[in-house]
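With chain A fixed as given, assemble chain B onto it according to the hints.
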Amino acid sequence: MASLTSDNEQPPTNSNSSSTDHVRKKKSLFASSPSSSRGNAASVPTRDGDSHPRWRSEKQQRIYSAKLIQALRQVRLSSSSSATTSSPTAQKRGKAVREAADRALAVSARGRTLWSRAILANRIKLKFRKQKRPRQTVIPAVTTVVTTGATSSRGRKRRVSVVGLNKKSLPTVNRKVRSLGRLVPGCKKESVPVILEEATDYIQALEMQVRAMNSLVELLSGYSTPGSDSAPPPI
Amino acid sequence: MSGRRSRSRQSSGTTRISEDQINDLVIKLQQLLPELRDSHRSDKVSAARVLQDTCNYIRNLHREVDDLSERLSELLANSDTAQAALLRSLLTQ
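First to last, the protein sequences are chains A and B. Using full-length UniProt numbering, the first residue of the first sequence is number 1, and each one after it goes up by one. Using full-length UniProt numbering, the first residue of the second sequence is number 1, and each one after it goes up by one.
No wet-lab data here; the hints were simulated from the structure. Any given hint could be a false lead.
Said to hold, decoys possible - According to the in silico footprint, chain B covers these stretches of chain A (three or more CB under 8 Å from chain B):
id : segment
1  : 92-99
2  : 175-182
3  : 193-202
4  : 205-213
5  : 216-222
Where is the CB? At the ideal position from N, CA and C, for every residue including glycine.
Okay, chain B solo, but in the shape it has when bound:
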């Protein structure tokens, strides 16, 4: 560990990535996650847990987007004239 530290110190002073910085980012990430945001044990959630939940959440979002785009494509294919009216009205609002 000390070997790594010395190497990191000599790489550059400006781009040394500190623990606090990473922790800060992880906390910000935690605020975004729906299940962890309202957790009252906010101090005790480990970084690994946050990261794991983030991965799952992103996968969920991807899946939702895929489902929605499939539904959207079906709707677009089926309703032509109604959709044209809709697009026109939405674009000129």
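Chain A on its own, in the form it takes in the complex:
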């Protein structure tokens, strides 16, 4: 499906403008109500029981698989043409594959979630360090405008979030939310509801990633066994 691949080539090409998009997206996130409907309402009209069909649809799976394969092909080409003649260590190769898969996953998220932007920003940060600094200075200014009167808005939000979960063992819950935030990329310093929402999306994306990579591994091992020239099984 050529349309699918051409449709997805737009996001990765503009790495410069994506950082400004981050700022704009963050601003709109805080400006709209902080309720959890902000991210979901865009993709799911009714957010009752059926959780986020965004990551479970066939189309999304195909998009991600196509992106993944392209990214993996680049990894293969780069590793074969690089100066490391004898095979690089399995760990390094595995890590490159993992990073390519994460990047493809983040791109498939279409920049609507924090963790995807954090994954992509990490790669950009490695290459262009200058772009991160203006982003950092702009964001606190934006958040102070919207969340009235708090300079260290992140610290203020943390105190607010401590207010009642089940009123028993608040510090435990808070601590667990913090550790959860450390697991999800880009959510180390966010407030509690943000972390929770990012975690829900991240888990589904990870599940899709696992499914896609599983099927890819199956396909490849099916091919590498001798005598299997039959047509590839439908995905």
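Just chain B, lined up with the frame of chain A:
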């Protein structure tokens, strides 16, 4: 606790994070977790439990992805021509 409440009230009306909201999010998170989803005692699962299981689940998923990417890298390295055919067929489907 009341001191915190007053402080939160004065921070802003629009970004006050309510209990119900957080509870709602935790419930949604619980629906995602495989072990807690089918639990019949859905009212009694505490938030801490949900969060702990979420952390474990994410760690598991990370580990799975790492394993899969290692296997994938080996497969990619070993089978060049077969893989090229595969990629071509997959991309043109």
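Going down the list of hints, with the structure as the test:
Proximity of the segment 92-99 of chain A to chain B, defined as three or more residues with a beta carbon under 8 Å from a beta carbon of that chain, is established by the 6 residues found. Restraint check on the segment 175-182 of chain A versus chain B: 4 residues with Cβ-Cβ distances below 8 Å, three needed, restraint holds. With a cut-off of 8 Å between beta carbons, the segment 193-202 of chain A has 6 residues touching chain B; three or more are needed, and the interface restraint holds. Proximity of the segment 205-213 of chain A to chain B, defined as three or more residues with a beta carbon under 8 Å from a beta carbon of that chain, is established by the 5 residues found.
Coverage of the segment 216-222 of chain A by chain B holds [criterion: at least 3 residues with CB-CB distance below 8 Å; count 5].
Violation of the numbered hints given earlier is absent; every hint is satisfied by the structure.
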